[in-house]
Structures are given as C-alpha cells and as structure tokens.
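Trainee: This is what each chain is made of:
Protein chains: 2
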Amino acid sequence: MNDKTFLMIPGPTPVPERVLLDMAKAPIPHRSAEFSKIFDEVNEDLKWIFQTKNDVFIFASSGTGAMDAALSNLINPGDKVLSLVIGNFGERWAKIAESYGAIVERLTVPYGEVISPDALKKRLDEDINNEIKIVTLTQSETSTGAVNDVKKLCKIIRNHGAISVVDGVTSVGAMDIKPDEWGIDVLVSGSQKGFMIPPGLAFLTASERAFEVHRQCKYPGFYFSWSSYKKSLAQHTTPYTPAINLIVALHTALKMLRAEGLENILARHKSNAMLLRKSLREMGLKLFVEDDEKASYAVTSVYPPEGISVADIRKILKDDYDIIVANGQNDLKDKIFRIGTLGYISERDILMLVSALKSTIQRLN
Amino acid sequence: MNDKTFLMIPGPTPVPERVLLDMAKAPIPHRSAEFSKIFDEVNEDLKWIFQTKNDVFIFASSGTGAMDAALSNLINPGDKVLSLVIGNFGERWAKIAESYGAIVERLTVPYGEVISPDALKKRLDEDINNEIKIVTLTQSETSTGAVNDVKKLCKIIRNHGAISVVDGVTSVGAMDIKPDEWGIDVLVSGSQKGFMIPPGLAFLTASERAFEVHRQCKYPGFYFSWSSYKKSLAQHTTPYTPAINLIVALHTALKMLRAEGLENILARHKSNAMLLRKSLREMGLKLFVEDDEKASYAVTSVYPPEGISVADIRKILKDDYDIIVANGQNDLKDKIFRIGTLGYISERDILMLVSALKSTIQRLN
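In order, the protein sequences belong to chains A and B.
Note that the numbering used here numbers the first sequence so that position 290 is 290, with each residue one more than the last.
Note that the numbering used here numbers the second sequence so that position 3 is 3, with each residue one more than the last.
Since the hints were derived computationally from the structure, they do not count as laboratory data.
Each residue gets a CB set at the ideal place from its N, CA and C atoms; glycine is no exception.
Nothing false has been slipped in among the hints.
Computed list of chain A residues with no C-beta within reach of chain B, every gap over 10 Å: (1) Lys80; (2) Pro110; (3) Ser355.
Below, computed lysine-lysine pairings styled on DSS-like, alpha-carbon distance capped at 25 Å: (4) A/Lys333 / B/Lys37; (5) B/Lys218 / A/Lys133; (6) A/Lys80 / B/Lys218; (7) B/Lys178 / B/Lys133; (8) A/Lys25 / B/Lys315; (9) A/Lys230 / B/Lys333; (10) A/Lys231 / B/Lys95; (11) A/Lys333 / B/Lys230; (12) A/Lys47 / A/Lys178; (13) A/Lys231 / B/Lys333; (14) A/Lys4 / B/Lys37; (15) B/Lys25 / A/Lys318.
Only chain A is shown next, with the shape it has when bound in the complex:
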C-alpha cells in the first residue's frame, strides 16, 4: 500500500505524527526570543535524556558529524588513540582519528562480540608512560547489535587517565548511559534514533576534563568547534543558523519522552528487545549476538533460516507487509538482517513484526 511503510531499521526510526506536523510549521527566525525559549527548553530536556549536568551541543549534521566533532576538537597530529572496535561504527572512530593525523591502535574483537574489560585494563596497564591520550568506543554497535559495558570500560579508562569518547548514537534514549556518574568524557548521539525525529541533528556532551584537552587542540576546526557552541549556548542560541524546523520537532518529541519518563522509556526498549529475541528464538532463528547481556535494545541481528536468503526475507517483508528491516553491513551483508526497535516503537509493533516474519518464512519454506 502507498504511504504504509513501517521502519524497523536502526535509523531513521518512526516519527510520531505530532512531531511531523510541528516540524511542518513555517520556520520562525532563529535570532528571536520565541526561538530562544524553545531552544532553552530543548537544551534542558537534552540534559535530562543524556543524564548529564553538562551542556549538550546541538549540531545541524548527521550523527557522523558529532563523531567528527568529538575527535576534531581533541586531536593534534601524532596523538595516540586507542579504538575499541566491535563493528563498523567502532571502526569509524578509528578512521576519523586517523583523518586528523592520530596514531591509532585498534583493539578488535570478532563482530558480534564485545570488548572484555580485562583486555582493556591489560592494554592500558601496559601504557606506563600514559601515551594513549584518547580511547574511543561504542555502546550499542549498530552494525552487529552488540553492546559494550560502557560503565566498566569507562571506569578503566578514567583510572588510566585517557579521555573516553563514546558513540551513543543508537543507545541514548534506549539504553541506560550516565556520562557524569560513569566518567564518560565525550558522548555523542543522533536525532533519527531514540529521539523520534528525522535525521539532521546530532548531539555532543563533553566533560570538563575533555574541555581541558580541547583547549590544547591546535586546529579544532570551525563549524564544529565546541568553544563556539558553548559560548552561544550561554546566550540561548547557536553560533550558526540552526536547523530550526528539526529543533521544533525535537522540542515536541522531547516533551513526549519526558511525559513517558526515562525509566519507562528504557524499560520499554528492554522489554521490546527481549520479547523480540524470545520470539525469534521460538521461531528457531539464530541470533547474531547470543548472550542477552551483550545485546542491544536498539537493534537485533538475526541469521536467516538455512536455505532462505536475507534478500528474500527483506523483499517479502517490504512488498507484502510494508515493513523495512535492515541488511547486514559490509562483510555481514546478506549474512544477517537487522531489526530496529529503537525510538517510537511499542510492544504492538514487535508483535506485528514477529507475526509478519513468521508468515514470510513460512511462505519461503
């Protein structure tokens, strides 16, 4: 059917009708008291969902823009960066660091697995001269559906003294993450994920420790410079023209999220993901991340049943049931498919997906 498509990919995620309609209002001028009022409320609500007392900067960019902004504001050429790589997005951190002239060492595990805190501790203990300046990591790895224990890993990084830079793109608003309490120095996320709005905004929060390192950065860039955003935020505005309509959409979405309550939001993501995993197992499907304790609540990766292709499953789900699920990425393409349960997704949607997937597989058998 036309206009019936339902997104169960790890982004973009479904957007509530109320948010879409508010986004469609004629743009208001961004240098106005009216906009600043909305902007201030959005900033308060972002601190709430990011569970931090620090500023959360809003960039007009995609999530990768915030990842770029995280490292370009910290790295001088020749700096040593340790990248914990459990999938494509962990690898993206390493590539960004390299693009700014960092010497990058990767701590890699087979995709689907996560970084062992002991392995990280061992590596950092060896760094007796504190040469490693930055450690990058991912909470919910979108390409695999595995989840690092960010709390434990960041504690080890803080004890070593390096700056921790965390990708929370598909985890903020879906899984618990507490930058201030867990000692995370930089945390980024993107709008088309747990925030229930379309892509085009990205978020970054940085600790005072990270700002100290930022102040030593020789060429922190211009558009994404933390200092500019910090200065403007104190004046209730952005340094450059914000994506006004997306911020208005975010304002509405965050009010909806606050009304639901953070504990409820996180519980909903957990119970939806666990219901999905249980249902997939009952269908005899094999999960890419088998351990529930290491599984993302945002995205679940599944192997197709023997003799059935990922392409066929995705095609029938799309053509006959108007449901979009994601293929695997890179080496995992056509080996797994990925089901997003992030953002504006209810238990009803899980039941619907499971039911449609059952019919799809029956038809393909």
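On the provided structure of chain A, position chain B as indicated by the hints.
Mentor: Relative to chain A, chain B alone:
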C-alpha cells in the same frame, strides 16, 4: 495574529506550503532505490540552479558548514590566503582559514562598499612568487546588502593562478552566478535562502582545479571530506545519513523553481529588489548601498529616518503587521535594518512591506 508572521529577513526565508507538507511526510529509508531516485533528481536540479556541470555536494549542516568544508578541504597550515572582506561573512572566511592555520591577509573596504577589481589585480600582481594559494570572497554580503563583481574578480584570481572560494549563500538562485563560465573554483550556498526550504542543508561545488589542491590537503577532515561525497554521489547516495526530510523538501522546491525557470527567477529577484529600492527612496529613506549596480537582490539595508530608532521600526512591523525584518549586525546593529527579498517572495510581498513600513514610520513621526 497567531501564525501570521511573514519573514523578510535574509534567511530563513518563507517556505511554500507544498514544501512544508512534503517535508512532513514520514522519513523514507536513505539506503533505498526510492530515496536514490529523489536524490538523483535533486542533484540534477542543483546543477541546474548552480549553473555548473560539476557535482554539487549536499551536506547536512548550515551554510557555515559548507564554508568550513570549502576551506578545510584545501588548506594546509602555513598556506597563504587572501580574504576579500566587505562585511561579516567575508570576515567569516578569514576566520575559518585562520582556524586551519592559514596565514590570512585581508583586503578590506568600509562595510557597504565592494572590492575594486583594480585593487585586487594590483595586490595579486605584487604576488610575483604566487604565494597566495586561495582567495576568498562573497557575492551578496548578507550583513550589508552589497554585491561584489564576482565575474571580474574571479577572472583576475584565475589569471593569477590562486583558487577562488566564493560565498553564494544569499546569491545562488537570486543573482546570476556561473561557476564554470566565470572560473569560480569553489562555490557554497545554504538551503534556507534562495532554495525556499528551512535551514539544515548546505551545498558546495568545486572545480577540478580545486580538487587537485584538495588532494594535497593533509588533514581534510572527515564529515565534510569532498572525496567521500564525490564517491558516494557516484553511487546515488551520501556517505552519512542525509537529512532525509529536508532533501524531500528540496526536491519539491527545486521542481517549483524549475517550473518558474532560472531566467524568470533571477528577473523576479532583480525587479523586486529594484522596486523596493525605488519605493524606499520615494519615502525619503537613505539606502546603505546607494549604487544600484552594487546592490544585492537578496537583501536591502536601510537607514532609519532621523529621530526614529531601528528597534521601534522593527517592533511595530512585527507587532502590528506581523512582518519580520532584520537588524544590522555587530557595528551596524541599530544603525540600519535589513529587508530580505530572497526566495519565495513576490511583487505583492514588496508592496505589502512598503505599505506597512510607510504606516509604521507615519505612526512613529
């Protein structure tokens, strides 16, 4: 009245209802044939409005993001940049260049005036060792309403051999600019201007000469790297999640613009600006840029009548007539006000503004 606000500022500009409603459609997945079809059409239409055969890259960012992307992809620390400064946005080029370690020389004129081609030629003739690698300039200077003769200036720059980097943020789609024919190496613009959509997208086109310099750039950054966008464009997509809904909006807006025709669009902007200038003069008002030949068709700066404040004029226009005009920026704040005639503005809107401004001034007298 509620929701009656009419924007006559140099951005954001009014957005057609049809564009707003298309933007409000549920986001479609960006890695899909459906999105690629829209994306390809948008890219063709962008080449048309940019009057170039080269690619036009679409960034999820504000216009300043594209300005940053212009210079971060070209500059190595220590490079010499000549910045032609006729207002705040000319100065922004200089600041961005400095943020990447360039040695910046400014050729400055009093705000409201423009760069004399002879003065530029004289300076570049003195550069006998071709030390100046990049020259930055602005076509329509949004802070003053003055317009550089980009055609003449870029010819001089091309003869010298430097790379010309032009801010077309408030001129593309409003005033004639022909990158290929005039020898412009890099040209940038932003979505909330002549493109009739809300802020959040920015555009950049670069010549093959500029790409040669880009390939020598040691740290061109990650999110804005030209090479990534070029590679993805050939695959009908973007390297990172695009601002999907804004691209759908742009698709609709560009179709409307193509239906009007480029010659008609440029003629409309010219005749609207000239009608406004004539009407303001008839009211006895003094224009900040007196010479029509040096005046922008996107924004017109005006002094308030003696004894009347800019603040009072803007307040009555806003409160009683629901029209927003812009204040001056920085040193020009409260000295001039600026009327935008860019984008989705018709002759009817000019008549309306002139009439409301007359009533406003009569009441203040």
